[in-house]
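Peer 1: Listed below, chain by chain, are the residues.
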Amino acid sequence: KAGVTQTPRYLIKTRGQQVTLSCSPISGHRSVSWYQQTPGQGLQFLFEYFSETQRNKGNFPGRFSGRQFSNSRSEMNVSTLELGDSALYLCASSLGGGGEETQYFGPGTRLLVL
Amino acid sequence: QQQVKQSPQSLIVQKGGISIINCAYENTAFDYFPWYQQFPGKGPALLIAIRPDVSEKKEGRFTISFNKSAKQFSLHIMDSQPGDSATYFCAASPGGSYIPTFGRGTSLIVHP
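Chains as they are written, first to last, in our numbering: chain R, 27 to 140; chain G, 7 to 118.
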């Protein structure tokens, strides 16, 4: 099976712009979670989507949003970019049953905000 | 508030040695404790996980030790190899939901 894929892998934006990141989960996985990884804050949970609905949400401002399509692919959007949004954004997929399911991470999209 | 505290931040071990990474948590609702391994340019990958009903779990050279009363758990890498050089994250999640809270990570370097 193909793993989790994320596009683009690298992105450079300027403050105030918006950005959309894409994630394709492993075939058959219905849950997609997004994480932000920075040297200062580590790995932080953004949100989780299951069957096109946001099921869980982390503690991030409303500028961070996402959606999931009927084929389980997910997109994450960040509006009005700030310098502090520079980070590695990771997507992870799982079957979606919750509990102790293994999450499989993609390689991430590295976003640099200038 | 950092709910999962991980130490050390970095660790250097000689080949064949034992690498030990420790984590402590505060939230007693946590009941699933996975460890992830991340290589540069890659996303984290699940290494091994434990639930609090057991005190130890071993998979190959990797062992998790769990102390429920102390709210601490640790990863032991036996016979450490240069290929084990990576960043290791502990995590914890509450029952019924797989939304983990991660530790800050430990950068492990194993010298040949």
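The set of hints was computed from the structure by calculation and includes no laboratory data.
Treat each hint with caution, since some may be false.
[What the hints assert, rightly or not] Derived BS3-like pairs: lysine-lysine, alpha-carbon spacing no greater than 30 Å straight-line: (1) G:Lys74 <-> R:Lys83; (2) R:Lys83 <-> R:Lys39; (3) G:Lys63 <-> G:Lys48; (4) G:Lys21 <-> G:Lys48; (5) G:Lys11 <-> G:Lys63; (6) G:Lys11 <-> G:Lys21; (7) R:Lys39 <-> G:Lys48; (8) G:Lys11 <-> G:Lys64; (9) R:Lys83 <-> G:Lys77; (10) G:Lys74 <-> G:Lys11; (11) G:Lys48 <-> R:Lys83; (12) G:Lys63 <-> G:Lys74; (13) G:Lys11 <-> R:Lys83; (14) G:Lys11 <-> G:Lys48; (15) G:Lys21 <-> G:Lys64.
[Claimed, not checked] Away from chain G, derived, C-beta distances all over 10 Å, residues of chain R: (16) Glu74; (17) Asn82; (18) Glu101.
[To be verified] Chain G regions said to be covered by chain R (calculated; three or more residues, Cβ under 8 Å): (19) 43-55; (20) 105-115.
Just so you know, even glycine gets a beta-carbon here, dropped at the ideal spot from N, CA and C.
Peer 1: Run every hint past the structure and note whether it holds.
Peer 2: Results for each hint:
For the given pair, Lys74 of chain G sits about 28 Å from Lys83 of chain R by alpha-carbon distance, which is consistent with the 30 Å threshold. Our distance criterion of 30 Å between C-alpha atoms is met by Lys83 of chain R and Lys39 of chain R, whose separation comes to about 25 Å. Annotation: proposed proximity of Lys63 of chain G to Lys48 of chain G holds, straight-line Cα distance about 26 Å (limit 30 Å). About 23 Å separates the Cα atoms of Lys21 of chain G and Lys48 of chain G, which keeps this hinted pair within 30 Å; it holds.
The suggested pairing of Lys11 of chain G with Lys63 of chain G holds, with an alpha-carbon distance near 21 Å, which does not exceed 30 Å. Taking the CA atoms of Lys11 of chain G and Lys21 of chain G, the gap is about 27 Å. The hint holds against a cut of 30 Å. Straight-line distance between C-alpha atoms of Lys39 of chain R and Lys48 of chain G comes to about 22 Å, which keeps the hinted pair within the 30 Å bound. This hinted pair checks out: Lys11 of chain G and Lys64 of chain G have alpha carbons roughly 22 Å apart, not beyond 30 Å.
Of the pairs offered as hints, the one joining Lys83 of chain R and Lys77 of chain G holds, with about 25 Å between alpha carbons and a cut-off of 30 Å not exceeded. Taking the CA atoms of Lys74 of chain G and Lys11 of chain G, the gap is about 15 Å. The hint holds against a cut of 30 Å. Restraint check for Lys48 of chain G and Lys83 of chain R: satisfied, since their Cα atoms lie roughly 24 Å apart, inside the 30 Å limit. Under the criterion of a C-alpha separation no larger than 30 Å, the hint pairing Lys63 of chain G with Lys74 of chain G is consistent with the structure, at around 14 Å.
Only pairs whose Cα atoms come within 30 Å are accepted, and Lys11 of chain G paired with Lys83 of chain R is accepted, the gap being roughly 22 Å. Distance check on the hinted pair: Lys11 of chain G and Lys48 of chain G sit about 23 Å apart at the alpha-carbon level, within 30 Å; holds. Under the criterion of a C-alpha separation no larger than 30 Å, the hint pairing Lys21 of chain G with Lys64 of chain G is consistent with the structure, at around 20 Å. For Glu74 of chain R, the requirement that its beta carbon stay farther than 10 Å from each beta carbon of chain G is not met, with the minimum near 6 Å.
For Asn82 of chain R, the shortest C-beta to C-beta distance to chain G comes to about 5 Å, within the 10 Å cut-off, and the non-interface label is violated. Interface exclusion of Glu101 of chain R from chain G stands, the closest Cβ pair being 17 Å apart, more than 10 Å. For the segment 43-55 of chain G, the proposed coverage by chain R is satisfied: 7 residues have a C-beta within less than 8 Å of a C-beta in that chain, meeting the threshold of three. Restraint check on the segment 105-115 of chain G versus chain R: 7 residues with Cβ-Cβ distances below 8 Å, three needed, restraint holds.
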